[in-house]
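Asks: Top line first, the protein sequences correspond to chains Y and X.
Every letter in the first sequence is one number past the one before it in this note's numbering, and letter 213, counting from 1, is 213.
Every letter in the second sequence is one number past the one before it in this note's numbering, and letter 196, counting from 1, is 196.
Simulated from the structure, these hints should not be mistaken for laboratory data.
Be a bit skeptical, because a hint or two may be false.
[Claimed, not checked] The calculated SDA-like cross-link candidates involving lysine to any residue, where the alpha carbons are at most 25 angstroms apart (straight line), are: (1) Lys10/Y to Gly145/X; (2) Lys142/X to Leu13/Y; (3) Lys142/X to Phe19/Y; (4) Lys10/Y to Leu83/X; (5) Lys18/Y to Leu143/X; (6) Lys16/Y to Tyr93/X; (7) Lys16/Y to Glu136/X; (8) Lys366/Y to Ala77/X; (9) Lys10/Y to Leu138/X; (10) Lys366/Y to Leu99/X; (11) Lys16/Y to Ser144/X; (12) Lys16/Y to Leu138/X; (13) Lys66/X to Phe373/Y; (14) Lys10/Y to Asp117/X; (15) Lys16/Y to Asn137/X; (16) Lys118/X to Leu9/Y; (17) Lys295/Y to Asp67/X; (18) Lys142/X to Leu283/Y; (19) Lys295/Y to Ser75/X; (20) Lys18/Y to Leu99/X; (21) Lys10/Y to Leu143/X; (22) Lys72/X to Ile370/Y; (23) Lys10/Y to Asp92/X; (24) Lys330/Y to Gly153/Y; (25) Lys10/Y to Gln128/X.
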Amino acid sequence: MNGLLRIALKLLLNDKGKFATLVIGITFSVFLMMQMTSMFSGILYQSAANIVNVGARMWVMDPAVQTPQNSIPMPNYVLDSVRSIPGVKFAVPFYVGAGLVKLNDGTYQSATIIGLDDASLFGRPTIISGSIMDIYQNNAFIMVKDANYAKLGSPKIGTSFEINDHRAVVVALAHTPVPGLFGLPTLYTTYNRATQDLPSTRYLISYILVQPKSTQNIAAIEQQVKQLGYLALTDQQFITRNDRFYEFQTGMGTNILIMTLISFLVGLSIAGETFYMFVLDNLEHFGALKAIGAKSGELIQMIVFQSLVVGFLGFGFGVLLSSTMIAIAKLKIANYAAMVTYENLFLAFIMVLIISAFSSYIGIRKVIRIDPFDVFRG
Amino acid sequence: MILTATKISKSFGEATNQTYALREVSFAVDFGEMLYIVGPSGSGKTTLLSIISGILRPDDGDVVVKDVDIWKLGSDALAGFRLQTIGFVFQDYHLFPRLTTLENVAIPLILRREPWDKSLTEARKTLQVVGLAEKENLPPYKLSGGEQKRVAIARAIVAQPDLLIFDEPTASLDGDTGRKIVAFVKEHILNAQRAIIIVTHDSRIYEYATRIIRMEDGRIVPGTGADHEK
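If we strip away everything but chain Y, and leave its shape as in the complex, we get (with noise of 0.2 angstroms):
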């Protein structure tokens, strides 16, 4: 290491207290940015959910529809009309609602029902247990084993219940990638059986899945199921309308975003300050380098390194402190919804920069304008 970056960085560290407080600034803000960020990245995933457990590759809606847990149903004739559409190498209608389980011991818990296509089961879940093809049998169910299983009893394969009054039997256990939101169980059956047994308006089909011929076939598509008067979206422009929706209509990205400004104004606030103050204790001994030939340069050297340790050690720490508090209440909290992404840790990054440029630029400021001449003045 250069041997002025190497003095620069003994004066940082050898000011414990300063350095101490810098560096707990920084990582106290950086914790707060990355708890905001990242349990505003897990509600976002995990809305999502549907979309990235069934799979498929385009999804077809009213035009009205922002999530995937709040469908409008549309009539069968679209679907006849999405399975002409040139490029489709097939379609099929999919179910999403509510139901009410009525457990043996007299109890009600809602649940999620998702009724997938008679034929093809297109979107089913990873079985872990049973066969899929029991979902064929009388009243079966497939029981997703989540962090809300044990709210239906943590049923075995064979254990019965009533569903708005129907008989439901598990026929099979399985697994989804991501949990759902809302801390519901999630129950799948076939779109027949789901019609059937739950209460429906005059239309049923909640969606309608799609998978196209190929990629280049998926422009076309849109704009043909648009003319039906009809969405049509790739799953991830489906994750992104949903993500749209939770950031910008519901209030929830907003103070997110509040929040996240908040902490880092305490992170700016706390660096900046104390840099400050440890500019000022040094300021003296910054005039006799100078005196003695350092360059401007040199001493602006020295300050934005300075600025940059803590701004980095506050990062790595503020990190290492977020994503053990998230795992800790992922190993505690069932569907604990909080996730560190790598535009969390960009955007933390960046804010800690900013942090780091101002503190430095608050000290330059103070070391550029001192006069040599000063220190034999006294």
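Following the hints, put chain X in place on chain Y, whose structure we already have.
Replies: For chain X alone, coordinates are given in the frame of chain Y:
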């Protein structure tokens, strides 16, 4: 000559508030000299010291150090020149309390981009010269005033500058310690390839000077050592 100052003038403030710190001051310093600049407070000693060491720009006049007209250099070049040519011992020492004594002494070499280990080795040798080898790992605030002054001297000489500038070297030291410091400087630091300029108003150390310039009201008092007389 190692230094020639010609008709140096400097004023502070503007218009009605303008005060003249120096008025056409000229003098020269030769290698091997230990020149004192003395005078009462406000006589312009510190201003003159700052100008001849390339820290404070004069309003008028030239300063030539080792054949370089220093005030014709740009700010970075001037900083580099100071680093290569001049060693400073400040009145308040200005040692870094968060660095060890050894690291403080090594600073001029580090500024010269010498390797870290080499800088420390040279600093260690210099600390031996000033008799503080055993204190190299202590922070300066754990040393006595006299020891801190010697550390500051070690820092000034570690890079072997040709010109040494001392600002009030006996300030805040008792008379005996002050005399010992200056005697040490004359005996061990001064040599034929180097000049030392000392600003002081401590008459107890005048005996060590090779020449004394007396200043009053921004001028050299006629008859004092501007022309190599003591």
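Asks: Tell me if the straight-line CA distance from Lys366/Y to Ala77/X falls inside 25 angstroms.
Replies: Holds, because 22 angstroms separates the two Cα atoms, which is no more than 25 angstroms.
Asks: Given the hinted pair Lys142/X and Phe19/Y, is their alpha-carbon gap at most 25 angstroms?
Replies: Measuring from Cα to Cα gives roughly 22 angstroms; hence the hint holds.
Asks: When you check the alpha-carbon spacing of Lys18/Y and Leu143/X, does it fall within 25 angstroms?
Replies: holds, 24 angstroms
Asks: Are the Cα atoms of Lys295/Y and Asp67/X separated by 25 angstroms or less?
Replies: holds, 22 angstroms
Asks: Lys10/Y and Leu138/X were given as a pair; does the straight-line alpha-carbon distance stay at or below 25 angstroms?
Replies: holds, 14 angstroms
Asks: Please work out if Lys295/Y and Ser75/X have their alpha carbons no farther apart than 25 angstroms.
Replies: holds, 8 angstroms
Asks: Hint check: Lys16/Y vs Glu136/X, CA-CA at most 25 angstroms. Holds or violated?
Replies: holds, 21 angstroms
Asks: Mind checking the alpha carbons of Lys16/Y and Leu138/X for me, to see if they're no more than 25 angstroms apart?
Replies: holds, 17 angstroms
Asks: Holds or violated: Lys142/X and Leu283/Y, Cα atoms, limit 25 angstroms.
Replies: holds, 21 angstroms
Asks: Would the hint linking Lys16/Y and Ser144/X be met if the CA-CA limit is 25 angstroms?
Replies: Judged against 25 angstroms, a Cα distance of about 24 angstroms means the pair holds.
Asks: Are the Cα positions of Lys10/Y and Leu143/X separated by 25 angstroms at most?
Replies: The hint holds at about 20 angstroms.
Asks: Can you confirm whether the C-alpha distance between Lys118/X and Leu9/Y stays at or below 25 angstroms?
Replies: Holds, at about 19 angstroms.
Figure legend: structure checked against the earlier numbered hints; every hint is met.
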